[in-house]
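J.: Protein sequence lines, in the order shown, are assigned to chains B and V. Okay, so the first sequence: first residue is 1 according to my numbering, each after it adds one. Okay, so the second sequence: first residue is 1 according to my numbering, each after it adds one.
Hints in this document: simulated from the structure, not taken from any laboratory. Among the hints, a few may not be true.
[To be verified] Stretch by stretch, here's where chain B covers chain V in the computed footprint (C-beta under 8 Å, at least three residues):
# : stretch
1 : 50–62
2 : 116–125
3 : 171–177
4 : 236–250
5 : 299–311
Just so you know, even glycine gets a beta-carbon here, dropped at the ideal spot from N, CA and C.
Number of protein chains: 2
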Amino acid sequence: MSLLVKRIPSEQATNLREDYRAALLDDVVPWWMRHSLDEQCGGYYSLLERDGKPWATDKYMWMNSRQVWMLSHLYNVHEQNAEWLDAARLGVEFMAQHAFRDDGTMHFRLTREGESRSEVLSLYTEVFGAIAMAEYAKASGDESYWTKAMAMYDFLMPRLGRPSDSAMLGYPIDAEFHLHSHDICRITVAWVFNEIHPNQRFQNDLTLSVDSILTRHWKPDLRALLENVAPDGTALLDLPEGRMFHPGHAIESAWMLMEIAEARGNADLLQTAVEILLASLEHGWDTEYGGMRYLTNIDWTPTHPLEGNVKLWWPHSESLYALLLAWDLTGREDLGEWYWKVHDYTFKHFSDPEYGEWFGYLNRDGSPVWTAKANGWKGFFHLPRALLRALQLLSG
Amino acid sequence: MSLLVKRIPSEQATNLREDYRAALLDDVVPWWMRHSLDEQCGGYYSLLERDGKPWATDKYMWMNSRQVWMLSHLYNVHEQNAEWLDAARLGVEFMAQHAFRDDGTMHFRLTREGESRSEVLSLYTEVFGAIAMAEYAKASGDESYWTKAMAMYDFLMPRLGRPSDSAMLGYPIDAEFHLHSHDICRITVAWVFNEIHPNQRFQNDLTLSVDSILTRHWKPDLRALLENVAPDGTALLDLPEGRMFHPGHAIESAWMLMEIAEARGNADLLQTAVEILLASLEHGWDTEYGGMRYLTNIDWTPTHPLEGNVKLWWPHSESLYALLLAWDLTGREDLGEWYWKVHDYTFKHFSDPEYGEWFGYLNRDGSPVWTAKANGWKGFFHLPRALLRALQLLSG
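For reference, chain B alone in the conformation it holds in the complex (with noise of 0.2 Å):
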């Protein structure tokens, strides 16, 4: 059963097409195949300049895990071109003799080489972990690393949803939340398994998060989705870290929220889905400058990152995709307008013509803050994962 309202104008969608084919396979695919395989070390380098040279070596396991599922991914998906594949083996490689601790959590950050340099937020390495695992025996047939992916699975998934001290990226401190992006996490994992080989457990994992989304986090009374609540779903808002509105990830949750409401065909999440992307875009975007702000409190007092007014690559690659299927699915007009005021914004800004790729930060007034295009945060993921599902929507 399909949702499909009224699709996008045709002529619109021919001329995006060209130009989100051309942005994945003429620009950020090939400077990434150029710039970012070690292939004496193995693995990638995280660290690249405006024009693609390291600017360190040390190499971010987020990254490398989403390199090689990017890669797979392409590779299932799009083309069978053996080039990405044998690139994706090299991350993989380099993962599977360094990255992981003998307790099977995974190391964040390692040498060129391939030693330990940080141990943090192992829980999310291994979510991308697992999905490059699981993407990358799809691609390579090699089923030994789809049963290392399940194992990951099985170790991964009871520790997502658990109360949690700490709101991501601040500090520790003594009340208990349910973080928006744990809900993130196992959407991620479990729609990429499912893709892979189908199956109920994944289905319900889908489910798990989507009534977690809904319930705890996205507020209709506040017209906001909370990153940190209680773990019953409570509202914190006495608590600074209990305001947080983070407009990205509300948007990249609405964007999944859609995808499971298409597969299911299911007409009220995606119209919650919906509202939560214009809610999201609505308190988000800057009137004045153009462009989304990366982090916010409800109510506009401080966050605990100083930030919040930065305007970051993904949150906008993430609006475009979620902004088109929106359009698509639901024909309205008001989401095509968001769609080229974002769209406008973001190619301007962020890509890069005399360099290729994109940069990743920009002040608020749309100046890079700096010009490198990767960092231990910028890697292979967000922006060929948005432009792929934005090519794979338009040539449906």
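Here the structure of chain B is known, so what remains is to put chain V in place on it, guided by the hints.
T.: What follows is chain V alone, placed relative to chain B:
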């Protein structure tokens, strides 16, 4: 022996004295006296809106300790105002009752009533706890606080300067650093203790930090004060963390070195401190928009925090005093020109004539990130300390 060569021209000095007097005594001090005191539960509110209303009620012990110190210091060196002493007592008694753990370390953040909310960053919390106790002991004449302060001094000093795996406010990594922040902490504490009870031990600790800053962190060949170096002072430029240049922090160090140079009649130290000041201004100043950037790497590669181009009140207020002092001690016209450039930007962009006190955080373009006046990092410390020192200098 004085290092004085030529003073700030007298007409400018007269006008500036009135500017600083008014900023300190007609604006900042009354603002905090009016808004921050929690007469009901004790201690001070740490989180204040633009108009002074609390936007949440947690109390941050860095800020509480700093305010006790600042109020007591105003009482000790400016005017024996009984209201200031009463307000200091409100904070110190709240601390004595709630802020300490059994092992002598301090809580970082408490609820309004004094329950612990977070334990992080205890070393830094104790730095400010120690100066609070010492300065309040002198203001109140209650020797039991001096005994407590000396116990904190004994507990604190051996832990400063140890190799640390953790660049301040980043995440733990498996590499040993010496942190510039530890040198600043040692000076901050030893200077206050020595003002109250002059003693060779405190002088020796000042010397220890001066030597560490000059031999470990200041790199004349790079014309940069590196925040994080190896324990032996080797620059760790292969690591992103080893490239950090924090202009405001370097400038805070610079005026501390100048005060020590003046007190000791050490012309070489004065000259080096002026070099650190100028190198930091030249590197950190935003030539396009004005104002000083918060954080950079020396090669402009990405820092771990994303807020490098945000402009914070405290590097600006530290720079005002550092430049006034340098100008006054040397009579150099280039320092006077820098002073006026920083002065014009700072008073124009940070002060809030409508509601009083200063905004804390500006986007690169100079607009406020948020309009709140106080958060867990901005309290009653950097600004009044700089204003008071400037007023004393100009009144001398």
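J.: All hints, please: hold or fail.
T.: Right, here's what the structure says about each hint:
no.: 1; hint: 50–62; in the structure: holds (count 4)
no.: 2; hint: 116–125; in the structure: holds (count 6)
no.: 3; hint: 171–177; in the structure: holds (count 5)
no.: 4; hint: 236–250; in the structure: holds (count 3)
no.: 5; hint: 299–311; in the structure: holds (count 11)
In the structure shown, no violation is registered for any of the earlier numbered hints.
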